[in-house]
Structure formats: C-alpha cells, structure tokens
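Asker: Here is what each chain is made of, one letter per residue.
Protein chains: 2
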Amino acid sequence: MQTELQEHLLELPLFQGMSRNDLEQIVSETKFRQLSCTKGKTFVHEGDACSRLYFLVKGSVTTTCHADDKSYSITETLTAPNILQPERIFGLTQRFTRTFTAKSNCELICIGKKEIMLLSDKYEIFRLNLLNIICTQSQRSNRQLWKPKPKDIRHKIIRFIESRSLRPAGEKTITIKMERLAYEISESRLNVSRELNAMQSEGLISLKRGEICVHAFEKMLM
Amino acid sequence: MQTELQEHLLELPLFQGMSRNDLEQIVSETKFRQLSCTKGKTFVHEGDACSRLYFLVKGSVTTTCHADDKSYSITETLTAPNILQPERIFGLTQRFTRTFTAKSNCELICIGKKEIMLLSDKYEIFRLNLLNIICTQSQRSNRQLWKPKPKDIRHKIIRFIESRSLRPAGEKTITIKMERLAYEISESRLNVSRELNAMQSEGLISLKRGEICVHAFEKMLM
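Protein sequence lines correspond, in order, to chains A and B.
With my numbering as the guide, the letters of the first sequence map in order to residues 815 to 1036.
With my numbering as the guide, the letters of the second sequence map in order to residues 815 to 1036.
Be aware that one or more of the hints could be misleading.
Residues from chain A shown here face chain B by an in silico Cβ test under 7 angstroms; the list is partial [stated by the list, open to error]:
id, residue
1, THR876
2, THR907
3, THR950
Because the hints were derived from the structure by calculation, they are not lab data.
Glycine included, each C-beta is placed from N, C-alpha and C at the ideal position.
Could you build the full structure based on these sequences and the hints that come with them?
Answerer: So this is what it looks like as structure tokens:
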C-alpha cells in the first residue's frame, strides 16, 4: 500500500525530483487521504471551499467551468496524473471554480493545507515545485489577453475555447447557444452556424442542441 | 539605515504579519540590494531575465506591457509600496513581460532568488504570503475571460483596458491606433472614435495621435 502510494507520488509534478528516500519518509509521515471514486460521482462542486489539494492518480475526471453569468460552460477531460486547481488553496478566493466528476472509476490522493505547509517547510524541492506550478499558471492566463485577435471565424471559435480551457488538447464539450457564441466572438449567428457545420462535416466536432462536442482539440489547431 | 530598511519591509505585503524581531533578523542576515533610480531611468526591460524580486519602496514607476505582436501597449503608474511581477521569478518563463521606468526619483529593494528561497524556508509567514500573492494573481487573470461580454461600446473599451491592466485604477496611457482598438473590440472605427470623443468631452480621457490617456481609471467604472 505504501509502495503504491510512493509510486503515485513519483508521477506527480509536485513531487518531481524528490529522492526515493524523501518519498518514503513523506509517505510515512504525511496524512494522505486516499479517495476512490466510482464513475459518475461528483467529488468537487464549483464554489466548494478549497482546503486541500486533490491529485488524480488513476483514471480520468471531467471538469466543468461556468461563465460568471452561467450562460455557457466548458467541460474537459483530465487524465491521471493530474492536480486539481492548485492555485485555489491559497490567495484571495480559496474556493474551487470548477466541478469535478469521475469519468471512469478513479483514485485520488488528498493533502490538507496544513500538510502542504509542512511539506513545503521540510522539502525545498517541494516548495519550488509548488511555486513553479502556480507561477506557470499565472503566466499562462496572463498572456492570453495579449495575443493578437484571430482573423477568421474558425480561429475565433478555437480561441474562445482554448483561452477558457485547462489544456489545448483532448475532448471538450461546450454547452452554449449559438446566439451566445456568436455574441461572444462578435460574429453573426448565421456565420457561426455555417462555420460550425463545416467543422462538423470535417469530423472535428459534433453538434447537438446547445452543445458543441470537440473530439480532440489538438486537431483543430493543425 | 537598517531601521529604515526594516520600516520599508514592514509596508510590503510579502513581509506582512512578521514580528519586529523577525524583521530585524532578516535585515541583518539577508543580502538586500538597495537601488535608487533617478526619474526617467528604465531599470527593467520587457524580456529581461527575472532572477530577483523588485520592491518599490519609495516614489512611483511606470510599467508598460505590449501586445504579443507589438501593435499596442498599455502604460500604468505604480506607487510605493509595490512588488514588480512576482509571478515571474518562478515557473515556465522566468522573464519580465513588462518594462519599468522611474516616474519620479524612487527607491527599490531587490532580493535574489536564492535569498527568496532561504526566507521562504525559514519563515512560514513569508512562504504563505508569497503563495497567497501569486495565487491571487493567478485567480484574478483566470476569471477575466469568464466575465460576460459588455453590451455597449464604452464598456467594451473599459473592459479592454481593465483586463490588461495591473490594477483597475489610476492613470493609464494606451498607445493604440483607433482602427486597432475598433478591431480588438469588434466595433466600427467610426463608433469607437465617436465614443472616445464623448469620453474626452466628459473629461475622462485625453486623446492624442495614437494615444488614449486615462486620467483616473476608477472614474470610468462609476
């Protein structure tokens, strides 16, 4: 059990570069909570207080984020190994802004904030990893707005999704009315509808009522 | 000299909550570089490697950030006490994305990365402050995109500036051609020109060739 936990930690960026000795000590000293989630179970709701870090170590989860006025949402898939909103455990607003649901049976490790502080006190490399992960996130979202605005409709749609996504790859479901998407990217509803249908016939997306399913976002970037 | 330095540190969010004893010890043990800048001097250029934290402890600086394609820029004023791009000393891209120039004669304190790591090792509160500052930044820029798009031209112009600014207040100069601003917010050049002129006649901004000067951004939010 302990060895398995150690193996899981080894795969997580937050524990990268740590020696096996350190990890052994961490596993024996730190209060980890191991969590098994059956497929379909929502274990974090948007707005929940974030007092611990969640690591996805096995399986996959979907994560949904809503616009502030709830008029649209984007759902993505994250696969293990992954860390869930690490920038939410400190700072001004210590709440999740995303909902996380098990897409397959999956396993998670939780570490409370107190334990995070202890680990970052004791292990310089852990502290550095944590700072690097959060700074990289801040740098990424900060640069989004300074990118030149795309010229054609297709790239506007792609940018709309990309800038609001956790990663520019994988499966995504955008729940949005066509009028709203058209409004957000400042194009006519007709032009947006035409472009989405073209993308559907190219096999990039599937359209349902009020839903755009992207099969593999990376293909749209080619 | 040491007492003055201590007083300066006391005002900085990164040292908030530390006891006078701790600060005394920090001042005597840490390698600080004190920097005096005469008015007009640029001490950080966009693209410079970020290997230290800069704290503005006296005076004011202007900070300019360019769009990725260099087609426009926004210049803001920061006054002491302030910290300059703390999210750039860790993470994927350890370079400043902004240029900083002394607006008045000003004084700064620099702390190298190694010293930052030592301080965050020794003082839990310093570590917590650092994590809180960076997380807050990440949370802020992350939420910008999920806000509903403004309905009228004036609010689109305001949002354009606000979302790219360090703070939603103070004096700002936006160097941008009217065509480009119109393109960025998806309005006609004529409508943008009309709205900017209305804002000028209300005393909110001054227009020069290729430049929009905002006198006090907070007044535009009223």
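Asker: If a hint holds in the structure, say so; if it doesn't, say that too.
Answerer: To see whether the hints hold, each was checked on the structure:
1. THR876: violated (18 angstroms)
2. THR907: holds (6 angstroms)
3. THR950: OK, holds: THR950 (chain A) within 7 angstroms of chain B, min 4 angstroms.
Violation of the numbered hints given earlier is confined to hint 1; every other hint is satisfied by the structure.
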